[in-house]
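A.B. asks: Chain order of the listed sequences is A and B. Under our numbering, the residue at position 60 of the first sequence is numbered 60, and the numbers go up by one with no gaps. Under our numbering, the residue at position 99 of the second sequence is numbered 99, and the numbers go up by one with no gaps.
Check the hints yourself; a few may be wrong.
Taking lysine-lysine and the DSSO-like style, the derived pairs with C-alpha atoms no more than 30 Å apart in a straight line are [claimed, not checked]: (1) A:K55 to A:K68; (2) A:K54 to A:K95; (3) A:K95 to A:K55; (4) A:K54 to A:K68; (5) B:K9 to A:K95; (6) B:K57 to A:K68; (7) A:K53 to A:K95; (8) A:K53 to B:K9; (9) A:K68 to A:K95.
It should be emphasised that the hints constitute simulated quantities derived from the structure, not laboratory data.
Each chain, letter by letter, is given below.
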Amino acid sequence: KNEVEQSPQNLTAQEGEFITINCSYSVGISALHWLQQHPGGGIVSLFMLSSGKKKHGRLIATINIQEKHSSLHITASHPRDSAVYICAVPLNTDKLIFGTGTRLQVFP
Amino acid sequence: DSGVTQTPKHLITATGQRVTLRCSPRSGDLSVYWYQQSLDQGLQFLIQYYNGEERAKGNILERFSAQQFPDLHSELNLSSLELGDSALYFCASSVAWGHSPLHFGNGTRLTVT
Numbered sequence: 001k002n003e004v005e006q007s008p009q010n011l012t013a014q015e016g017e018f019i020t021i022n023c024s025y026s027v028g029i030s031a032l033h034w035l036q037q038h039p040g041g042g043i044v045s046l047f048m049l050s051s052g053k054k055k056h057g058r059l060i061a062t063i064n065i066q067e068k069h070s071s072l073h074i075t076a077s078h079p080r081d082s083a084v085y086i087c088a089v090p091l092n093t094d095k096l097i098f099g100t101g102t103r104l105q106v107f108p
Numbered sequence: 001d002s003g004v005t006q007t008p009k010h011l012i013t014a015t016g017q018r019v020t021l022r023c024s025p026r027s028g029d030l031s032v033y034w035y036q037q038s039l040d041q042g043l044q045f046l047i048q049y050y051n052g053e054e055r056a057k058g059n060i061l062e063r064f065s066a067q068q069f070p071d072l073h074s075e076l077n078l079s080s081l082e083l084g085d086s087a088l089y090f091c092a093s094s095v096a097w098g099h100s101p102l103h104f105g106n107g108t109r110l111t112v113t
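All chains, full assembly: derive it from the sequences and hints.
C.D. replies: Here is the structure:
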């Protein structure tokens, strides 16, 4: 079993739809990262959170440390949101382990 | 723009060769991390430096080495290259270690032929 599991692996949506991507992990952590990887390959850090909820524009990330689960929500999705979304957790302070990613395609 | 600069963007080389990837961290960041992303393994942590010292080591092969210089830029050296080393290599930086946000470079795409 992978230490970090994401679902779904692939997601297609129509523009305007509400998107949810899930991440479950099996190790004890105190923070979790959500990353976005563009089709060109570049990686952008979206959130680092250790409790509750964070919001940035149309993106919302939540985490439940007790249940070892995090979700990334995208409201009013847009074709420019098409990317791979990756969650990552630290195994030992700085050794991040990564989920396999969720490939999102938003169609106009 | 993350402020993290990686060079070169693309590198094509032959098996058995040695290459050096370079990373300049965001201004003010003391930690530098190296990651490898291959098609079959996904993203993997290789190594971390903090203010010139190695701080954490991940799945880094013995053929690979890295260092962080006094000006805080870092280099990742890959030697005796094999076809399986073809991957995207990312550098990221952060202010400190632990729970600091990461800033990623655009990566170096290495192709070994």
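A.B. asks: When you check the alpha-carbon spacing of A:K95 and A:K55, does it fall within 30 Å?
C.D. replies: holds, 25 Å
A.B. asks: Starting from B:K9, check that the Cα of A:K95 is at most 30 Å away, please.
C.D. replies: holds, 25 Å
A.B. asks: Would the pair A:K54 and A:K68 pass a check requiring their Cα atoms to be no farther apart than 30 Å?
C.D. replies: Holds, because 17 Å separates the two Cα atoms, which is no more than 30 Å.
A.B. asks: Just to be careful, I want the Cα atoms of A:K54 and A:K95 compared with a cutoff of 30 Å; is the pair within it?
C.D. replies: Holds, at about 23 Å.
A.B. asks: Are A:K68 and A:K95 close enough, with their CA atoms no more than 30 Å apart?
C.D. replies: Within the cut-off at roughly 18 Å; holds.
A.B. asks: Starting from B:K57, check that the Cα of A:K68 is at most 30 Å away, please.
C.D. replies: Between B:K57 and A:K68 the Cα gap is close to 25 Å, so the pair holds against 30 Å.
A.B. asks: Given the hinted pair A:K55 and A:K68, is their Cα-Cα distance within 30 Å?
C.D. replies: Holds. A:K55 to A:K68 sits at ~20 Å (cutoff 30 Å).
A.B. asks: Would the pair A:K53 and B:K9 pass a check requiring their Cα atoms to be no farther apart than 30 Å?
C.D. replies: violated, 35 Å
A.B. asks: If you draw a straight line from the CA of A:K53 to the CA of A:K95, is it 30 Å or shorter?
C.D. replies: holds, 23 Å
Hint compliance for this structure: hint 8 alone is broken.
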